[in-house]
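2 protein chains.
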Amino acid sequence: MAATPQTNTTLTAIAAELMAHERFCLCGHLNPDGDCLGSELALAAALRQAGKQVSCLVATDDPVDGRFAFLPGFEGLMPASAFDGAFDVFVAVDVPTTERLADAAAVHGRAPLTVTIDHHAVDSRMADLSFTDPEAPSTTTLVWELAGLLPIERSADVALCAYTGLATDTGRFQYQNADAVAFSAAAEMVRAGADPALVSREVYQQRSLASVRLEAAALGRMELLCGGAGALSWITWADKEACRAQKADAEPLVDALRNIAGVRVACMLREGEGIVRGSLRAKDGTDVAAIARELGGGGHRAAAGFTFEGTLDEARSALRSRLEQLLEAPSA
Amino acid sequence: MAATPQTNTTLTAIAAELMAHERFCLCGHLNPDGDCLGSELALAAALRQAGKQVSCLVATDDPVDGRFAFLPGFEGLMPASAFDGAFDVFVAVDVPTTERLADAAAVHGRAPLTVTIDHHAVDSRMADLSFTDPEAPSTTTLVWELAGLLPIERSADVALCAYTGLATDTGRFQYQNADAVAFSAAAEMVRAGADPALVSREVYQQRSLASVRLEAAALGRMELLCGGAGALSWITWADKEACRAQKADAEPLVDALRNIAGVRVACMLREGEGIVRGSLRAKDGTDVAAIARELGGGGHRAAAGFTFEGTLDEARSALRSRLEQLLEAPSA
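Chains as they are written, first to last, in the numbering used here: chain A, 4 to 335; chain B, 4 to 335.
Keep in mind that the hints were calculated from the coordinates and are not lab data.
Keep in mind the model is a prediction, meaning the values are calculated, not measured.
From the three backbone atoms N, C-alpha and C, an ideal C-beta is built for every residue, glycine too.
It cannot be assumed that every hint is accurate.
Said to hold, decoys possible - EDC-like mimics (lysine to aspartate or glutamate), calculated; alpha carbons at most 16 Å apart, straight line:
1) B:K250 to B:D65
2) B:K286 to B:E317
3) B:K286 to A:E205
4) A:K286 to B:E205
5) B:K55 to B:D106
6) A:K55 to A:E25
Claimed, not checked - Reference listing, derived: stretches of chain B covered by chain A, where coverage requires no fewer than 3 residues with Cβ under 8 Å from a Cβ of chain A:
7) 23 to 32
8) 187 to 194
9) 240 to 251
10) 258 to 268
What the hints assert, rightly or not - Examples of chain B residues toward chain A, derived with CB under 8 Å:
11) A53
12) Q56
13) S58
14) R175
15) F176
16) A181
17) A183
18) P199
19) S203
20) R204
21) E205
22) E218
23) K286
24) G288
Can you make the complete structure from the sequences, with help from the hints?
Rendered as structure tokens:
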């Protein structure tokens, strides 16, 4: 399906339409991240300030990332499968296609009016009213702007939720989308009461013990290739069992490899049942997506992933030779 | 010595005074960090844009932190001991007392006119003209403002240096000083050409291999106390030898312990010759400075350190009992 980005209206028109209704159902994408939860909860807080009734759904029954439990309204999040209330408007935030709404797609399907707000390219058939801006640093910056068009003074709760999405989606203001718009929006949110130190403490200073133990194992056995330009490491099934690790615990590990001085490309392997999942990162513009594609995966130049069919030893050997080839090639 | 913060003039008056002279000598404090180097190099770039001659000094002959080598003008930094040129104005940036100028104090002493710009409390006797603002998130934000008062369009080089100081002194916009002023200033700097992703890559994605190896060792042997509220680990002299580690390589380790979910207090010990150095961090307002003082050190409530006379085993045992006492006490 071609997901054509489409804005068929303005935030001003959406604000007016929202004010013309009373009962709202909001939802973000499955496996919601900080921008998704921040968008949903910021909009919920703003609509409630404007006197509206709001239900906040999550797309599946899976537990929501507990690092975001400090966000005002988090405790009211409800699995879409458990929701059978009546409502006037369904607002999807940070959701590019209805597939990504999972269980909430059924609720979306019976909505009298649908609205979508996103900073990704959005399937234009998804909603009656859509506003998408792929240049926006986060969906929460769009929600923040929208909330500013409602007849309210945006509260500290709205600001905190919006700031959390902005800070997480810009990698704490370190990714390419940390532009002047991002910093100006952050200044407004902080002025309205968002506390950056609190957000950092809640989101980034709560690493699981399992993640730390996995990192110790992975860093301890790391292999350097091509004089240190490549870093390769892995965690085994036994590591995961010993650390009682969840999937999310392994996610930060590839960044620990990438952050080493001199490393241009990092690869982290995670042993599964008959398969090995791999994450690749490049620091200097080297294209790691090409390796990921060769191994049946994909992604961006700087961040890609794949699922390898075979043993950990086979995956290591496949990666070693491909990384060496990539890093020894004259740079493009 | 009582270091009374004192602003005896305005940035506008300083800008006018700078424009009335031709030859400048700039210097920051010894062991210069990102804010110090960023302030010095931002001001140097701005003064050069205004047609001035500028010498950039460093306070000692020690090597300067190579992570900042990407800053425009870094290659022109010169040890104060090697400088014997003539100049009209000495500008100290991010330097609270002349003691912190080390070898550059002599150059400062023979200056026809001295200026100081800082966001710390400054010894009021230090300079003829001083502007200090302890509320400013970084010294570079003051230098940025000052450069805006010169008859130039602040260049991307000025912006990059200023942004680097701001980003590092706010801990990547995560400390208490990451306020609305900080974000507004960052927005201006980015609009003028500073690249946050570049700064992050250069400053934060260049961890030494030794530091990573030490972290693997420290995380692998970490002890949790009081049900996970305390985290204690250590690196031995043998670890340092095996990893060929420098002092700076051990500095990030205590933060890795602090960042674990549930950990309220983290302590990292580093074995020296007949002594053990310790770093303490608190995440929840617990006062770790009290422990540091008992062990002959000091610091702030949330971050403190000490030098223990004795063996690593003795230090571990002393810390364990003190941490247990602290963490089991009813919270104040």
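Consistency of the hints with the structure:
1. B:K250 to B:D65: Answer holds: B:K250 to B:D65 is near 14 Å, not above 16 Å.
2. B:K286 to B:E317: 25 Å, violated
3. B:K286 to A:E205: Holds, because 10 Å separates the two Cα atoms, which is no more than 16 Å.
4. A:K286 to B:E205: Within the cut-off at roughly 10 Å; holds.
5. B:K55 to B:D106: 24 Å, violated
6. A:K55 to A:E25: With Cα atoms ~5 Å apart, A:K55 and A:E25 stay inside 16 Å; holds.
7. 23 to 32: violated (count 0)
8. 187 to 194: Three-residue rule met by the stretch 187 to 194 of chain B, so holds; n is 6.
9. 240 to 251: violated (count 0)
10. 258 to 268: With 6 residues close enough to chain A, the hint holds.
11. A53: It is violated, given that the least Cβ distance between B:A53 and chain A is near 25 Å, above 8 Å.
12. Q56: 33 Å, violated
13. S58: 30 Å, violated
14. R175: 5 Å, holds
15. F176: 5 Å, holds
16. A181: 4 Å, holds
17. A183: B:A183 check passes; min Cβ-Cβ to chain A is 4 Å, inside 8 Å.
18. P199: 4 Å, holds
19. S203: 4 Å, holds
20. R204: Result: holds, 6 Å to nearest chain A Cβ.
21. E205: 10 Å, violated
22. E218: Since chain A brings a Cβ to about 6 Å from B:E218, closer than 8 Å, the hint holds.
23. K286: 6 Å, holds
24. G288: The hint is violated - B:G288 has no Cβ within 8 Å of chain A, the shortest such distance being about 11 Å.
Hints 2, 5, 7, 9, 11, 12, 13, 21 and 24 from the list above are not met by this structure, while the remaining hints are.
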